[in-house]
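Line order of the protein sequences matches chains A and B. To convert, note that position 38 of the first sequence is 50 in the numbering used here; the numbers rise steadily by one, no gaps. To convert, note that position 195 of the second sequence is 196 in the numbering used here; the numbers rise steadily by one, no gaps.
Worth flagging that the hints you see were computed from the coordinates, not collected in a lab. Errors might be hidden in some of the hints.
Chain A stretches covered by chain B per the calculated footprint, using a threshold of three residues with CB under 8 angstroms from any CB of chain B [what the hints assert, rightly or not]:
1) 68 to 75
2) 128 to 139
3) 145 to 151
4) 194 to 206
Please read all numbers here as calculations on a predicted model, not as lab measurements. All C-beta atoms in this analysis are idealised placements derived from N, C-alpha and C, irrespective of residue type, glycine included.
Single-letter residue listing:
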Amino acid sequence: MILTEHETKEILARYGIPVTKGALAANPRQAVDQARVIGFPLVMKISSREISHKSDIGGVLLNIKSEKEVVEAYTTLLENARRHAPSAKIEGVLVQQMVPSGLEVIIGAKKDPQFDHALMFGLGGIFVEICGDVSFRVAPITQKEALEMIAEIKGYQVLKGIRGKKPYDIDAISDILIKVSEMVEKENILELDINPLIVYGQGAIAADARAMKK
Amino acid sequence: MSLSSIFEPRSVAVIGASVNGKKWGGRIFKNIIDGGYRGEVYPINHREKKIGEKLCYPSILDSPGAELAIIAIPAESVLKAAEECGQKGTKGLVVVTAGFGEVGAAGKELEKELVGIIEKYDMRMIGPNTLGIANAHIKLNATIISQMPRPGPISFITQSGTLGLALADWTVDMGLGLRIVVSTGNKADVDDVDLLEYLGGDPETGVIAMYVEGINRGKKFLETAQKVKKPIVAIKTGRSTRGAKAVFSHTGSLAGSDQIYTAAFKQGGILRMDTIEEVFDAALALSCQPLPKSNRVAIISNGGAASIIASDACEKYGIEIADLSEETIRRLKAALPPYASPVNPVDTAGSSSYETYKETIEALFLDPNVDALIVIYVHTIMSDAVPPAQAAMEVKRKFPKPMITCWMGGAGTERGVAVLKEGCMPNYPLPERAVKALASLIQHRDFLTRVKK
């Protein structure tokens, strides 16, 4: 069963993994209500089990700064969805806190017939998509193993801070890896991507996630 | 749960023994006798009266009974034979017969029934569909390996029957000392976890080598591997299977079964090798050399090119070429010909005399920055392969640091190699293999350091 971003984040949050604040809106009025609760700026995304790659179909709108924009964005998202994925069942629109930019990393998990669950870590964006610069471990992992797998990627120096840039919070990543390790066993997850996990000098937050469970 | 009835039995029955050496039972029976096993051996065959000097029994029930029974009869008769073994008090079974879980639904059913009988009588079973077991220390060769391995510290678990046993035959030719060889077959009862536990506790096993196609009970296997402090070296086949079908997640498409095995093995401290040669090269080094305190190495060779190949290989495997101390450089200057340069890697500029090698090796061993040594000798018709080998062995006796040798060349080299083999020195015919073997020592030491913390 495919979980939506919203459902996936609910599970992550239950295991203590920081996720961006968000709520599902079934109509523009609800979207405005949610916007008032969460605050600006916002990200708004189409929510549908059948649409996996939202940005490809104009299903993600960033930097929404007013209630007027919320209403406009809602309409645009639905139009884009209907145009590119007419048969998809739309649950509504995800109204989400937009966090400051940081370093994007990916944390993932996959069910394995021999070793129950494998965990994956890598830098996000082209580093995972084009270079495949990732490391693996099998769950459960200790803190030592989490730190080892982080240090194993070719792009590790980016995390440590290069050319005068300050280092990123590796301990926060390690902590989340351990929590994911626990979560996938207990929740019977088949596949999981937290992509991106946005990492700062202090702390990290999951901006997007997708999962499949039994 | 002890597998000692299988690997150290006091008596063996061969069900399906035959005068015909072309039949499995016949071959295995012959190998047990020829190997020199000192326990009682009973051939069981309802058609034959005598095989060689031994009286044949129609059933194990008619015999005095045996601790271990090898079963090599057609599949349809195996259940009855296993039942009889149980009734007679046999504790270990090695079922050579094929046609069980590996062939389909009917075979799986038959295998389940067989396991039921094993459990009923509290027996342990290797197989079915195995090519046997061997224990060199008690001269028990219950396999189709053509010669008894020399007793030594390497135990070998193989999932492939034919390949595994061909390898065991090869290791005998290579002069490696083996302890236990087991062809695991279908692993219907005894599996890799059980074998790791047993070999982990076996005092004669120093290194465990494995040929793996798939692991049952993956997590338990890892936990067990982590607890076993002896080095485990494995080749795991099946790399080329591409798992990715639908691209739901990045993780789904990147985390192929092979990447997961590599990660898992790393976590378990299992040294995963890419080739069969690497497995046994590593096993040899791990079985007879101490672990280095660090990854800093010194290389000595009588030929410049070989030492450069070796140091290139060191860089590839993350092995550091040690900076020599002042004292060492002074000693090297005194030991080497004047036109040779006292730097690491040390090139003796052609000199391979006993004195040059002895003094150079000793100087390097004494250096506190050096934790391992690679000694290379390149043979030509102009020199003698034996004196440098004698020098290496002589000096090695005095130091607890690991040494790997590489005696390379054509005819004449083998005389030097013989000296090294006699002294249990791990020797390789090419520098890259010597370096890779040293890398395994370092890897295992890293694992032990990691689990200790």
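Numbered hints the structure breaks, given as an ascending list: 1
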